[in-house]
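A.B. asks: One-letter residues, chain by chain:
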Amino acid sequence: MAAVVGAERGSLGAPAPARRGRGWGGGGRGGVAGLRRGFPLWRWAILLVAGVYFVIPLYAALRFAGIGAFRAVVHQSGFASSLGLSVRLAAITTVITLALMLPTAVYVHLRLPRLRRLLEAVTILPIVIPPVVLIVGVLQVAPGFLKGTPNLLALEYVILAMPFAYRSIDAGLRALDLKTLVEASNSLGAGWLATLRRVILPNLTTALLSATVLTVALVLGEYTMASLDLYQTFPVWIVVFDQTSGPISVAASLLALFVTWIFLLAIMTVGSRSGRRTGSQVALFSVVRREPGGS
Amino acid sequence: MMMTNAASDTAAAAARAAAAGSGGASVSLQNLSRSFGSVRALDGLSLELAPGELVALLGPSGCGKTTALRIVAGFESADSGSITVNGKDISQVPAARRDMGMVFQSYSLFPNMSALDNVAFGLRMRKAGAAQRRSRGTELLEMVGLAQHAKHYPHQLSGGQQQRVALARALAIEPRVLLLDEPLSALDAKVRLQLREQIRSLQQRLGTTTLFVTHDQEEALSMADRVGVMKEGRLEQVAPPDELYARPATTFVAEFVGTMNRIPGDLRGCGVVTVLGATLPVQGRTPGGAIEGEIDVLVRPEGVLVAVVPNGNGIVASKTFLGSLTRLRVLLSGDVTVAVDMPSAAAAAMPQGASVEVSLPAQVAVIVAPRR
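Residue numbers (my numbering), protein chains in the order written: chain A, 267 to 561; chain B, -13 to 358.
Everything labelled a hint here was simulated from the structure, so no lab data went into it. Treat the hints with care, as some may be off.
[Stated by the list, open to error] In silico SDA-like cross-links for lysine to any residue, where the CA-CA straight-line distance does not exceed 20 Å: (1) A/Lys445 to A/Leu378; (2) A/Lys445 to B/Pro80; (3) A/Lys445 to B/Ala172.
With the hints as constraints, model all of the structure from the sequences given.
C.D. replies: Written out as structure tokens, the structure reads:
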């Protein structure tokens, strides 16, 4: 069938340029150049001071450990088992956290928007409650078959990860007009599962990846709970090993840091690719969706 | 509730639709009521849509028009009443199985999908094959003039283009009913006008029964076969646009649709009123069935006569050029201002401050309302 009318002739020839979201470059060369031109000297100075503050300790640690320690660290007893335990806990924690947080956040956004503030307040509690209290709480309610297994630690980590995971998912949901998208999907014949799979999840990819990275980073670096529960996770092993060999322990710490950085870089890369497609830019706690070029 | 001539109008629309070879469904809303807390959003709304008919629900914010549309779509449930499509009660059918296409006020395209994938989404949900989805999606995009944007993502399209893709997406599933929830209100004036014509043209060509919600009376009057004016959850009047304008059933409809003057007059019994020195018959009922007393006469700006005379009953207070017409505001005694629309050429002879005689045409029935 032929087009009915050539409405909006002016805008048919080429897509309207996307407007840039707040706080993020659009990715074009002009944008980057403009950013550089508009970046005042005092900001460079702050950036430099902050950079030095972070880089000097890393450099000192690298010098102290030496390259040889990185080769030696993987052969140390307890390295593989502790790292394996931490990775396993990270995987379990991430799965449980996302399985709990995603439906909860979606449900609250859709059906109980007035409870969003309350949920935000509740999810921040693990930050203010001491880990010992959390451990005692989890021990009280945990099912018997989990007690005495490292999986119990994963449940404790789920609570710790809650503030970070919820905020990432919440930011992703806030960037979407979720209610309208869900209703549009329903009106086109999609049930809840199809809507979740084809509409909600693909538009939350970057938010979910952010939640995953934060959760993984938290679990890989958590010491207090693991130590109190007497499990030798990677951070606990580093502390224990520190008493045997300082340089190797420092090399292990740096290794953990680099692994976390690689995760973060991966999420940013995947996020920016997905963002180019969907018109959104995602940081760890915020999502900016670009507006259409005009009416 | 006023449903004057509704049945005959429905029949007329049905005949029009049948003549156009419509495949649309008949829709019946029966006595729908819905409350949100203490607010009664819908209060016994009943409306019939003939196959292929476009009915607009028009009313001020909070009158219940969007609630009515959302109940028809299945996103809200009514406290009481029912909805039937082709005689079958669908009140308990979930939104996903109602076979209704909907275009929303906000751009509702799925950001993760291209324009083509958005249009084909409903077909995918109906298990259509990839080739069929592509072919039908392309056909619909061609229909709305956006075939060359098939691979573009929503953020790469303008607002008007997004709404056209949304329209194509809603029509791709060949819905029994098309629901339009203020789809033009986020667009600028020029695009709104173009899209308005495009929607109407497509709707007439496809013969899809359409329920259109808007607060813009120009949109409603220019697009709809019939317009339902709503107030406080109830339909005040459902009628074709010309009838709604010329013969409003209530004071609210008279004043909500178009511009209306209020000129003080006196009921003199026997269904006549004196106003501006003339005695005229009353159209419709008098307020509260009154026979005598002070009332306001409601007259459209184009229904008022004005002539330049020395020592007339009014003075031209202001003039607004509207193109072929000019609107005069004439100040009468008693601090009453009357708007008068007249050809711009004739208005040129009436400068601001000129003395004029304002009158109403003889023998034309007027609407009366309680004195304010």
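A.B. asks: Next, verify each hint and record whether it holds.
C.D. replies: Hints versus structure:
Among the hinted pairs, A/Lys445 with A/Leu378 is consistent with the structure: their alpha-carbon atoms are about 12 Å apart, no more than 20 Å. At roughly 16 Å between alpha-carbon atoms, A/Lys445 and B/Pro80 fall within 20 Å of each other, so this suggested pair holds. Between A/Lys445 and B/Ala172 the CA atoms are separated by roughly 17 Å; this keeps the pair inside 20 Å, and the hint holds.
Violation of the numbered hints given earlier is absent; every hint is satisfied by the structure.
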